[in-house]
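**Student:** Below are the chains, spelled out letter by letter.
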Amino acid sequence: MKVKKYFRPRDLNEFHRLSAENPDHKILAGGTYVAKMKFPKVDTIIDIQDLGLKGIKEENGDIHIGANVTFTDLIEAKLSYCGGLVGQVSSHCGPITIRNIATIGGNVMAGYHWNDTTPLLLALEATLMFTSDSGVKAVPVSSFIANRSTYTGLLLTSIILPSKYKDAKPFYKRFARTRSDIPTSIFIVVNNEEGDHITVGSATVKPVRIMYSADDEFLKNTLLPRLNEVKFMDDLRGKPEFKEKIVISQYREWKEK
Amino acid sequence: MDIKVTINGVKKVFNADPGEKLLDLLRREGYKGAKRGCSTGDCGSCAVIINGKLVNSCLIFAGQADGHTITTIEAIGTVNEPHIIQRTFVEEGAVQCGFCTPGMILATKVLLDKEKDPTLTQIREALSGNLCRCTGYVKIENAVIRSAEKMRSE
Ligand SMILES: Cc1cc2nc3c(=O)[nH]c(=O)nc-3n(C[C@H](O)[C@H](O)[C@H](O)COP(=O)(O)OP(=O)(O)OC[C@H]3O[C@@H](n4cnc5c(N)ncnc54)[C@H](O)[C@@H]3O)c2cc1C
Ligand code: FES
Ligand code: FES
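Protein chains in written order, with the numbering used here: chain A, 1 to 257; chain B, 1 to 154.
The hints are simulated quantities; they were obtained by calculation from the structure and are not laboratory data. Treat the hints with caution; some may be incorrect.
[To be verified] Calculated cross-link-like contacts (lysine-lysine; reagent style BS3-like; alpha-carbon spacing at most 25 Å): (1) LYS139(B) <-> LYS5(A); (2) LYS137(A) <-> LYS26(A); (3) LYS36(A) <-> LYS164(A); (4) LYS78(A) <-> LYS12(B); (5) LYS36(A) <-> LYS53(B); (6) LYS78(A) <-> LYS4(B); (7) LYS54(A) <-> LYS53(B); (8) LYS166(A) <-> LYS57(A).
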């Protein structure tokens with residue numbers, strides 16, 4: 001990356017103007033991903049720290065999280081929403097030096113599916129709020145996962161967690177080589193009026209959310225075939241067979257509870 | 001581009017390239033306590049404190065630091081007047097090659113400024129971004145515990 005220009009716009013109008021004037025720009029939040037990557041075409045950095053995207057607030061039971069909120073902010077906010085799940089997941093998003101600067105917006109937008117926040121947001125049926133010079137767009141996280149490239153270049157301003165999971169009692173299991181290593185498998189169960197919903201992330205190429213049905217063969221007939229459809233990942237953290245075994249053990253642990 | 005910061009209690013203006021990382025800027029300006037280990041955010045040897053939080057200066061663009069308060073290891077103590085934490089690290093044998101030590105000391109400082117009597121879990125959490133290839137961590141953890149004891153009895 002040969003950066004020739006660095007901007008820190010003060011408001012959204014200035015952000016949109018600078019984005020339009022500099023087509024080869026990169027949005028910069030905490031920088032823990034951007035600073036490591038090469039991005040050969042990028043010549044301009046647009047740092048969004050002054051855009052006021054740092055708030056966490058509750059509105060009619062929904063939780064609104066600004067895209068530039070860091071994982072440390074999320075831990076320190078001690079949200080009681082969904083049994084404190086957001087803080088719990090945030091505490092695993094890298095070591096403290098990363099969590100102090102890495103943002104939830106940057107984590108969602110970094111372009112990979114193995115991270116900790118995508119399965120969390122999918123489990124909670126979150127809505128991503130994007131803005132462009134043509135207006136604001138509310139996107140369910142499931143649509144974002146399905147068509148990620150559609151949203152490249154748009155500014156994520158906030159994430160909304162719906163009130164329906166406010167009092168849910170989640171089950172959350174994360175398997176990683178060390179506490180702060182990236183996850184090998186994430187298994188989340190949340191319940192709403194329809195029943196239990198299982199989300200599996202990191203182990204597979206894309207996270208998957210599926211409704212549980214009280215069927216003795218649910219694992220064999222429903223969950224594993226669905227995960228195999230989106231494919232278990234083969235990477236330095238393990239072979240597909242290994243990852244499948246982890247998911248099975250996480251599932252069994254939930255069932256025993 | 002101009003970068004205005006308060007560094008180690010002093011207001012300064014530095015000139016940086018738009019793509020320059022904070023670590024490179026600091027070292028160029030003589031703050032050599034921050035070391036380059038991995039450049040990928042894994043080792044913590046480049047750690048500095050920005051607005052009270054420990055961060056890796058190798059992953060931060062200089063422009064991100066504009067307007068903020070930075071503390072580097074140079075502000076913690078000197079060879080002639082080391083900070084209690086620095087003295088205790090030496091006494092406890094928590095320093096071997098010393099490459100990780102500035103980051104470890106800063107991580108300890110942030111922790112002990114907040115927690116006067118940290119648990120082992122809190123210590124491990126506070127040092128989770130700092131790797132040491134020499135000591136095996138036991139002596140470092142002991143040094144943090146002893147530093148806390150000494151600071152409490154001061
Ligand atoms: C040592 C280390 C350990 C890590 N461990 C984990 C882990 O265990 N789990 C995990 O999930 N992650 C982990 N990560 C990844 C880390 O969490 C991400 O790098 C971080 O969350 C990205 O956020 P950022 O604010 O630094 O983003 P940046 O680096 O600033 O940006 C990331 C990407 O998102 C884009 N972007 C940022 N904000 C916006 C926005 N508001 N709108 C549109 N686009 C935007 C940028 O253009 C860029 O493409 C680790 C990283 C490191 C270095
Ligand atoms: S050099 Fe910055 S974390 Fe290793
Ligand atoms: S003392 Fe050598 S790396 Fe820690």
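**Student:** Is it true that the CA of LYS137(A) sits at most 25 Å from the CA of LYS26(A)?
**Tutor:** holds, 20 Å
**Student:** Is the straight-line distance between the alpha-carbon of LYS78(A) and that of LYS4(B) 25 Å or less?
**Tutor:** Judged against 25 Å, a Cα distance of about 33 Å means the pair is violated.
**Student:** Between the alpha carbons of LYS78(A) and LYS12(B), is the straight-line distance 25 Å or under?
**Tutor:** Violated, at about 36 Å.
**Student:** Need the status of pair LYS54(A), LYS53(B): alpha-carbon distance at most 25 Å?
**Tutor:** Since the Cα atoms of LYS54(A) and LYS53(B) sit roughly 16 Å apart, the hinted pair holds (cutoff 25 Å).
**Student:** Straight-line Cα separation of LYS36(A) and LYS53(B) no greater than 25 Å?
**Tutor:** Holds, at about 21 Å.
**Student:** What's the verdict on LYS166(A) and LYS57(A), does the C-alpha distance respect the 25 Å limit or exceed it?
**Tutor:** holds, 13 Å
**Student:** Holds or violated: LYS139(B) and LYS5(A), Cα atoms, limit 25 Å.
**Tutor:** violated, 45 Å
**Student:** Against the 25 Å threshold, does the CA-CA distance of LYS36(A) and LYS164(A) hold or violate the hint?
**Tutor:** violated, 38 Å
Consistency with the previously given hints fails for numbers 1, 3, 4, 6, ordered from lowest to highest.
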